[in-house]
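Colleague: Chain A is already provided as a structure; the job is to place chain B on it using the hints.
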Amino acid sequence: MSAHTLIVAPFESLAFMRAALVACLALALANGVIGTLLVLRRMSLDGDVLGHAVMPGAAVGFLYAGPSPTWLSLGGLASGLAVAALAALVAGRQARRDAGLVAFYLVALSLGVVLVAWRGSNVDVMRVLFGTVLAIDQRALLQIAAASSIILLAIAALYRPLAVGAFDPAFLRAVGARAPYGLIFLALVVLALVVGFQAFGTLLAVGPMLLPAAAARCWGLGVASSMALATGFGMAASVAGLLVSYHANLPSGPAIVLAAGLLFGVSLIASNFWRRLVPMIGGRN
Amino acid sequence: MSGNSQAELNWHGMGRAVVRSVEEKEVDGEVRLRDVGVRYGRRVALEAVTGDFVAGSLTAVVGANGAGKSTLLAAIAGVVPLARGVVACAPRSRLAYLPQSAAIDRDYPLNVVELITLGGWREFGAFRSPGKGLRARAAEAAETVGLGGQLERSIGEISAGQLQRALFARLIVQDARVILLDEPFAAVDAQTMSVLLDQVSRWHAEGRTIIAVLHDLDVVRARFPSTLVLARRCVAWGRTELALPALAA
Numbered sequence: 001m002s003a004h005t006l007i008v009a010p011f012e013s014l015a016f017m018r019a020a021l022v023a024c025l026a027l028a029l030a031n032g033v034i035g036t037l038l039v040l041r042r043m044s045l046d047g048d049v050l051g052h053a054v055m056p057g058a059a060v061g062f063l064y065a066g067p068s069p070t071w072l073s074l075g076g077l078a079s080g081l082a083v084a085a086l087a088a089l090v091a092g093r094q095a096r097r098d099a100g101l102v103a104f105y106l107v108a109l110s111l112g113v114v115l116v117a118w119r120g121s122n123v124d125v126m127r128v129l130f131g132t133v134l135a136i137d138q139r140a141l142l143q144i145a146a147a148s149s150i151i152l153l154a155i156a157a158l159y160r161p162l163a164v165g166a167f168d169p170a171f172l173r174a175v176g177a178r179a180p181y182g183l184i185f186l187a188l189v190v191l192a193l194v195v196g197f198q199a200f201g202t203l204l205a206v207g208p209m210l211l212p213a214a215a216a217r218c219w220g221l222g223v224a225s226s227m228a229l230a231t232g233f234g235m236a237a238s239v240a241g242l243l244v245s246y247h248a249n250l251p252s253g254p255a256i257v258l259a260a261g262l263l264f265g266v267s268l269i270a271s272n273f274w275r276r277l278v279p280m281i282g283g284r285n
Numbered sequence: 286m287s288g289n290s291q292a293e294l295n296w297h298g299m300g301r302a303v304v305r306s307v308e309e310k311e312v313d314g315e316v317r318l319r320d321v322g323v324r325y326g327r328r329v330a331l332e333a334v335t336g337d338f339v340a341g342s343l344t345a346v347v348g349a350n351g352a353g354k355s356t357l358l359a360a361i362a363g364v365v366p367l368a369r370g371v372v373a374c375a376p377r378s379r380l381a382y383l384p385q386s387a388a389i390d391r392d393y394p395l396n397v398v399e400l401i402t403l404g405g406w407r408e409f410g411a412f413r414s415p416g417k418g419l420r421a422r423a424a425e426a427a428e429t430v431g432l433g434g435q436l437e438r439s440i441g442e443i444s445a446g447q448l449q450r451a452l453f454a455r456l457i458v459q460d461a462r463v464i465l466l467d468e469p470f471a472a473v474d475a476q477t478m479s480v481l482l483d484q485v486s487r488w489h490a491e492g493r494t495i496i497a498v499l500h501d502l503d504v505v506r507a508r509f510p511s512t513l514v515l516a517r518r519c520v521a522w523g524r525t526e527l528a529l530p531a532l533a534a
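Order-wise, the sequence lines are chains A and B.
Sequential numbering from 1 applies to the first sequence in this note's numbering.
Sequential numbering from 286 applies to the second sequence in this note's numbering.
All clues stand as given, with none of them false.
Far from chain A, some chain B residues (derived; all Cβ distances over 12 Å):
| no. | residue |
| --- | --- |
| 1 | VAL329 |
| 2 | THR335 |
| 3 | GLY416 |
| 4 | GLY431 |
| 5 | SER444 |
| 6 | ALA445 |
| 7 | ALA475 |
| 8 | MET478 |
| 9 | SER479 |
| 10 | SER486 |
| 11 | PRO510 |
| 12 | GLY523 |
Label pairs and their calculated CB-CB ranges:
| no. | chain 1 | residue 1 | chain 2 | residue 2 | range |
| --- | --- | --- | --- | --- | --- |
| 13 | A | GLN138 | B | GLY326 | 46 to 56 Å |
| 14 | B | GLY410 | A | ALA270 | 36 to 46 Å |
| 15 | A | VAL107 | B | GLY326 | 22 to 32 Å |
Derived from the structure by calculation, the hints contain no laboratory data.
Small disclaimer: the values here were computed from a predicted structure and weren't measured.
In this text, a Cβ means the ideal position worked out from N, Cα and C, and glycines have one as well.
Here chain A stands alone, though its shape is the one from the complex:
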C-alpha cells in the first residue's frame, strides 16, 4: 500500500472525510489555546464538568428541533454558560467544591441522556454522547470555523491578563485589572466545548481540548510555545485518528481522542527521558 493510498486517498475520494478533517483542524486551533490555559490554570476538572454541562441544554435543543446542529449548539451554549456563571459565583467557596462538581457532572449527564432517550432512539443517544465527526455538514462546519475564529481573537486580545491571572491572581487584582477575566475565559471554554460537542459528543469533547495541551505541557515550554505545540499535537492527532478510523473501520471520535492520548503518553515518557539526557551531554536544561 503506497503512502498516497494510506494518507491522501481517503480525504481525496470522500467529501465527508474532508469535512471531518477541516472541522477537526479548526477545532484544534481553538482547543490548543483554550486547553493550554485550562491546564495552566489547573482547571482540567472544571473543563470536564463544563463539557457535561452542555448536555442538558443540547438535549432540550434536540427535543425541540431534532438533531439540528444549530439547536443542539444553542441549547448547549445556554446551559453551559449558565453553569459557568454558577461556577464563577461559587469559585471562592472551595470547600466540597470537587464533590459538588462531580455530583453536577453525573446529574447533567443522566438528565441529558434521559431527555434524549425520551423522544429519540438509541442512535440519537450515542450521537449526543460520542458525536458524529463523520456527519459534519456545511452549516456545522461554518459554526465550528466561526467559533474557533472568535476564540482565537478573544484569547489574543486578553492573552496577558489571562496568563497573569493563571499564576498570580492576587497581583492582577491588586494592580486594578478588575474585568471578569475568569468569567470571560469560562465563556470561551463553553463555546469551544459546544462546537467540539458536535464532533466528539459530550463524553469526549474535552479530550481533544485537554490531551494535546497536557502533552505539550510536558515539554516545559513558555505559554505561547505550549499553545503552538498543543495546536500542532491536536492537528496531528486529528489526522492520525481519522486515518486509523478509516482504515481499521473504527469510530472516528474515540480514535482521534486515543491518538491524542497516545501523544500525551509519549510526551510524558520522552520529556522525562530528555530531561535526564540533557545534563549528561552537557547542555543547559
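Modeller: Structure of chain B alone, referenced to chain A:
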C-alpha cells in the same frame, strides 16, 4: 503636610470603590482607616479599626494567628470587600501589594525577568508589550536584590528565598508610593532576609509608606519605628517601643 493631592486619594468602602475628593489636608502616601470591618461569611476578621499610616512611615503589623493582619493589608489593597467603614489611600496605581508567596503558582512557565517586568503593569497594561526601557529597569532591580545572574531561570527552578527576592524586584519596578508586605520574610534564609530588609530601609529613606505584617519581633524592634498590634481590633498603634508591649499583655 501639604494638601496638593487630595483629589487623588481613593476612598473605598462597603464592598465597592468610590473616589471622593477629601476636604482635609493630606498628602499622597497616607493611608487612613475609619471604622474598618471585614467579614468572611459570618466570621468577623476585622472590626472597628481606625487610624492613620502617616505618609513615609514604616509600620509593622503584629498579632496572633487569625488576628486579621493579612485581612487588613488585603482591605487596604482593595482585594477584599469591606463590611463597614472606609479606607482612604493612594490611587491603585500608586499602591503595591505583596501577598504571601504561597499564592503564586510556581509550576507556571515564566522566568525571573518576566516576573519582575510585570511590575511595570500600569505602564503597559493588559494589551501592550513591556518596552525595552522597562526590561532594563527589571534587570537593574534584579541586580539590586542579588538576582543578576538568574534572569533567565524559570520561577519553578529557583529557591523560595530567590523567588521572594524576585517579588521584591517586581515591587521596585512598580515604584509605588504605598507598599504593603504580607509576611515578606517567612520561609527565606538569613542572607535573603538581610538583603530584603535593606531594600525596605531604602524605600523608607525614599519617603515611601511601608506597612508590613511580621512575626519576628526582634526584626520589628530593630528596623520598624512604628507598630500596629491587632487582635481583630486595634490593640495598640504607635511608636514600636510603646506599642509592642501590648502584644504580650
